[in-house]
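Enquirer: Sequence:
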Amino acid sequence: MKVLILAGGFGTRLSEETNILPKPMVEVGGRPLLWHIMKGYSVHGFTDFVILLGYRGYCIKEFFANYFLHQSDVTIDLSTGEMSVHKNASEPWKVTLLDTGLNTMTGGRIKRAAQIIDNRPFLLTYGDGVADIDIPKLVKYHQEHKKLITMTSVQPEGRFGAIEISDDNLVSSFREKPSGDGAWINAGFFVCQPEVLNFIDGDNTVFEKEPLEKLAAERQLVTFRHEGFWKCMDTQRDKMQLNDSWDAGVAKWKTW
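In the working numbering, the protein residues as written are 1 to 256.
By construction, these hints were calculated from the structure, which means they are not laboratory data. Note that the structure is a prediction, hence the values are computed from the model and not measured. Do not rely on the hints blindly, as some may be mistaken.
Claimed, not checked - Here are the simulated lysine-lysine pairs, DSSO-like style, with alpha carbons at most 27 Å apart:
1. K140 with K214
2. K2 with K254
3. K140 with K61
4. K231 with K2
5. K214 with K137
6. K254 with K239
7. K87 with K61
8. K2 with K94
9. K209 with K231
10. K137 with K254
11. K87 with K254
12. K137 with K61
13. K39 with K252
14. K2 with K209
15. K214 with K239
16. K254 with K39
17. K94 with K39
18. K2 with K146
19. K61 with K147
20. K252 with K140
21. K209 with K94
22. K252 with K214
23. K209 with K252
24. K87 with K137
Stated by the list, open to error - Cβ-Cβ distance ranges computed for the label pairs, FRET-style:
25. L78 with R120: 39 to 47 Å
26. K87 with D201: 28 to 36 Å
27. G101 with N198: 17 to 25 Å
Note that CB positions come from ideal geometry on N, CA and C, so glycine has one too.
When you get a sec, could you build the whole thing from the sequences and use the hints?
Expert: In structure tokens:
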């Protein structure tokens, strides 16, 4: 089953980094966030990736074009250009890098991968979020309910500590960063039947609007509730938190 990763957006809310890099290439622990996402899939045996490129897609192409070399111990004969590889630590991944247009919307990017999907079920996620989701369990759940699409949902952590205040202004309780308002939100990590592409008109289609709304209206959208770790890197603050977790050895998304 192929894994499609949306990696073409402008990442404007992380402009400190995305002026020179696409958001999936912003580093956490010295590696692009995209690499972390792919490791999370590959640990479960999903190693056939399709990266849907757009903004500064050449950065992602260059990363993977040089990946084998960067992961290897080599001897290079400068007089002949011959290179001997002594040791290589590259993952056994197949990576398709698909240019889906600079201004194409999320739905359009997915639609452009139709020929690569080849009328088969596929996995889909965003290039800016990490989680400790049990992917085989997600896929099994999708196969059991036999609907067209499964969307992972999460209850995000609140940004600030919550307090309860009595009438005399005494704080009766305090909870550091509790869950939000109880609502479940789209966390990405989809499993899709190929028929999902029929709900996407073209490049200007935002996947999260008409396609998902119509799939929901036709009772073809099912959610997989994930109560473990999930975090989207949307701001500089998010990047710092992810890096702090990695540096402290408590990165909950590191399942490999």
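Enquirer: What are the numbers of the hints the structure violates, in ascending order?
Expert: 3, 12, 15, 19, 21, 22, 23, 24 and 26
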